[in-house]
Amino acid sequence: MTQMPEVEQLLDRMEQGLRDILEQRGISDPAVIGIRTGGVWLAERLSQRLGLSTPLGELDISFYRDDFSRIGLNPRVKPSSLPFDTEGRDIVLIDDVLMSGRTIRAAMNEIFDYGRPGSIILATLVDLGARELPIQPDIAGQVLSLPSSQRVKLRGPEPLRIELRETGE
Amino acid sequence: MTAQGPVTKSLQLTEEGQLRHFLTLDGLDRALLTDILDTADSFIEVGERSIKKVPLLRGRTVVNLFFESSTRTRSTFELAAKRLSADVLNLDINTSATSKGESLSDTLLNLEAMASDMFIVRHSQSGAPHFIAESVTPGVAIINAGDGRHAHPTQAMLDMLTIRQHKGRFEGLKVAIVGDVLHSRVARSQIRALQELGVSEVRVIAPATLLPSDVESLGCKVEYDMTRGMKDLDVVIMLRLQKERMEGALLPSEREFYRLYGLNREKLALADPECIVMHPGPINRGVEIESAVADGPQSVILDQVTNGIAIRMAVMSMAMGGQMADRNRQLAERKSQ
Chain W
1 MTQMPEVEQL
11 LDRMEQGLRD
21 ILEQRGISDP
31 AVIGIRTGGV
41 WLAERLSQRL
51 GLSTPLGELD
61 ISFYRDDFSR
71 IGLNPRVKPS
81 SLPFDTEGRD
91 IVLIDDVLMS
101 GRTIRAAMNE
111 IFDYGRPGSI
121 ILATLVDLGA
131 RELPIQPDIA
141 GQVLSLPSSQ
151 RVKLRGPEPL
161 RIELRETGE
Chain L
1 MTAQGPVTKS
11 LQLTEEGQLR
21 HFLTLDGLDR
31 ALLTDILDTA
41 DSFIEVGERS
51 IKKVPLLRGR
61 TVVNLFFESS
71 TRTRSTFELA
81 AKRLSADVLN
91 LDINTSATSK
101 GESLSDTLLN
111 LEAMASDMFI
121 VRHSQSGAPH
131 FIAESVTPGV
141 AIINAGDGRH
151 AHPTQAMLDM
161 LTIRQHKGRF
171 EGLKVAIVGD
181 VLHSRVARSQ
191 IRALQELGVS
201 EVRVIAPATL
211 LPSDVESLGC
221 KVEYDMTRGM
231 KDLDVVIMLR
241 LQKERMEGAL
251 LPSEREFYRL
261 YGLNREKLAL
271 ADPECIVMHP
281 GPINRGVEIE
291 SAVADGPQSV
301 ILDQVTNGIA
311 IRMAVMSMAM
321 GGQMADRNRQ
331 LAERKSQ
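Residue numbers (our numbering), protein chains in the order written: chain W, 1 to 169; chain L, 1 to 337.
Derived from the structure by calculation, the hints contain no laboratory data. All C-beta atoms, glycine included, are put in the ideal place defined by N, C-alpha and C. The reader is advised that the hints may include incorrect statements.
Straight line, CA to CA, 20 Å or less: simulated EDC-like cross-link-like pairs of lysine to aspartate or glutamate [said to hold, decoys possible]:
#: 1; chain 1: W; residue 1: Lys78; chain 2: L; residue 2: Glu45
#: 2; chain 1: L; residue 1: Lys53; chain 2: W; residue 2: Glu58
#: 3; chain 1: L; residue 1: Lys53; chain 2: W; residue 2: Asp85
#: 4; chain 1: L; residue 1: Lys53; chain 2: W; residue 2: Asp67
#: 5; chain 1: W; residue 1: Lys153; chain 2: W; residue 2: Glu44
#: 6; chain 1: L; residue 1: Lys52; chain 2: L; residue 2: Asp38
#: 7; chain 1: L; residue 1: Lys82; chain 2: W; residue 2: Asp66
#: 8; chain 1: L; residue 1: Lys52; chain 2: W; residue 2: Glu44
#: 9; chain 1: L; residue 1: Lys53; chain 2: W; residue 2: Asp113
To be clear about the criterion: a stretch of chain W counts as covered by chain L if any three or more of its residues have a C-beta under 8 Å from a C-beta of chain L, and this derived list gives those stretches [said to hold, decoys possible]:
#: 10; region: 54-65
#: 11; region: 69-83
#: 12; region: 113-122
If we take Cβ atoms under 10 Å as the criterion, some of the chain L residues that face chain W in the derived model are [stated by the list, open to error]:
#: 13; residue: Lys53
#: 14; residue: Leu91
#: 15; residue: Arg327
Just need the whole structure built from these sequences, with the hints factored in.
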């Protein structure tokens, strides 16, 4: 059985990765957006570690999902909240597990409905590969390669831990 | 004509319990009503963005099928559909084909041939949306926008959303509905929703001539004297008095009605100081309600209008989603056979 990595260690890597890329690009005051639910937990921690002052954005992408026409509306949709002007803003978008890339596509579509951002940096805790769209993270805490019968899920908010799940496929 | 109970339930809900039509609140449980309110809450946020649109119903065609005119209901449905990115067709049937003798079934067949995905139906006859839901092609969602004296479920749900926004809960609330309960589809749906969501008391305040004979069986407390009825209220919902009722000899005069059942500042002062005042509109100032109350600090009448758009977005997207999930399940079943 695959050993699951510790979230704190991955957060260290994400923090360092973000510091590097923000410095490289000369961005001093990015706005951080977490994708519900796991991405928001991570965004809170990273925003604190980086000492950022802009309040966090939270996205619920249910209204933008491309599988609405297959499974209908997620009944547990919550309001999105972007408490800053996205127009021209440099954004750090954070999700817990990156796989097909469909969530990120939906999230970017939603962000653009608030205004045209200056740039978006994508950071994810775990990258499982298995991409279906041409979307790549700028920063990944860890790249994991799992058999298709296994998936991971971030549990939280306190403490944060990565849980291995069998999909039954 | 109206089917109730289990028949309605199986018509309105998919096997998985998702909404696929929205015809009446009968048969919908507290969990589903709460889902509708929660989803609407999320749509309120969409209405506050610079681009007030989400792509859920992109490429779908929504037909506003109004056999009875209603500017506000129709325009909030239209706006709701447009904010879901649907294409909207407004048909005012009074002035259309039916006046040339076309039957309801033929009108529907023609609209289906135009590949419509959803009909928003307003009809003067109770049960018309049911009839349409039973006969329409699978995959097309029907939303009741008010039928006869039967139901007006989106209006009731936007009222529930407004109450929850201002009170934060339903438990323990005392709510009164005042005025022409007899002819009001809004009142029927409201009573059902309030009871399912668990308020502690629903009162109806009206003269005996404007109450349905079975009012006691609806589980409401009946009060003929408004001064007594206002006591301890958390929410007062005024109903519109239709002018034509005056002519039907059910009421002595407008002035007499206003004196006994109109909401003015003196009567409102008898309720809880935090009592909110609601009205489905359009309001008749000086007939059901004093201007100073309608425009006063306790009035939430304009919030109701804003919430109407969010509620309609919620039920439209939920019903369309249910229809699509249904179709996918059937496709999958066919494949596996």
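So, going through the hints one by one against the coordinates:
Our distance criterion of 20 Å between C-alpha atoms is met by W:Lys78 and L:Glu45, whose separation comes to about 10 Å. With a C-alpha separation of about 18 Å, the suggested pair L:Lys53 and W:Glu58 falls inside the 20 Å cut-off, and the hint holds. In summary, the hint linking L:Lys53 to W:Asp85 is supported, as the alpha carbons are separated by about 17 Å, within the 20 Å threshold. Between the alpha carbons of L:Lys53 and W:Asp67 the distance comes to roughly 18 Å, so the proposed pair stays at or under 20 Å and holds.
With a C-alpha separation of about 18 Å, the suggested pairing of W:Lys153 with W:Glu44 holds against the 20 Å cut-off. As the CA atoms of L:Lys52 and L:Asp38 are separated by approximately 18 Å, the hinted pair is consistent with the 20 Å bound. At roughly 19 Å between alpha-carbon atoms, L:Lys82 and W:Asp66 fall within 20 Å of each other, so this suggested pair holds. A distance of roughly 27 Å separates the Cα atoms of L:Lys52 and W:Glu44; the hinted pair therefore is violated under the 20 Å criterion.
In summary, the hint linking L:Lys53 to W:Asp113 is supported, as the alpha carbons are separated by about 8 Å, within the 20 Å threshold. Look at the region 54-65 of chain W against chain L: 4 of its residues bring a Cβ nearer than 8 Å to a Cβ of that chain, three or more, so the hint holds. With 12 residues having a Cβ less than 8 Å from any Cβ of chain L, the region 69-83 of chain W passes the three-residue criterion, so the hint holds. Against chain L, the region 113-122 of chain W contributes 3 residues with a C-beta closer than 8 Å to a partner C-beta. That satisfies the three-residue criterion, and the hint holds.
Satisfaction of the interface hint for L:Lys53 is found here, the shortest Cβ-Cβ separation to chain W being roughly 7 Å, below the 10 Å cut-off. Because the beta carbon of L:Leu91 sits about 25 Å from the nearest beta carbon in chain W, more than 10 Å, this interface hint is broken. Because the beta carbon of L:Arg327 sits about 9 Å from the nearest beta carbon in chain W, less than 10 Å, this interface hint is met.
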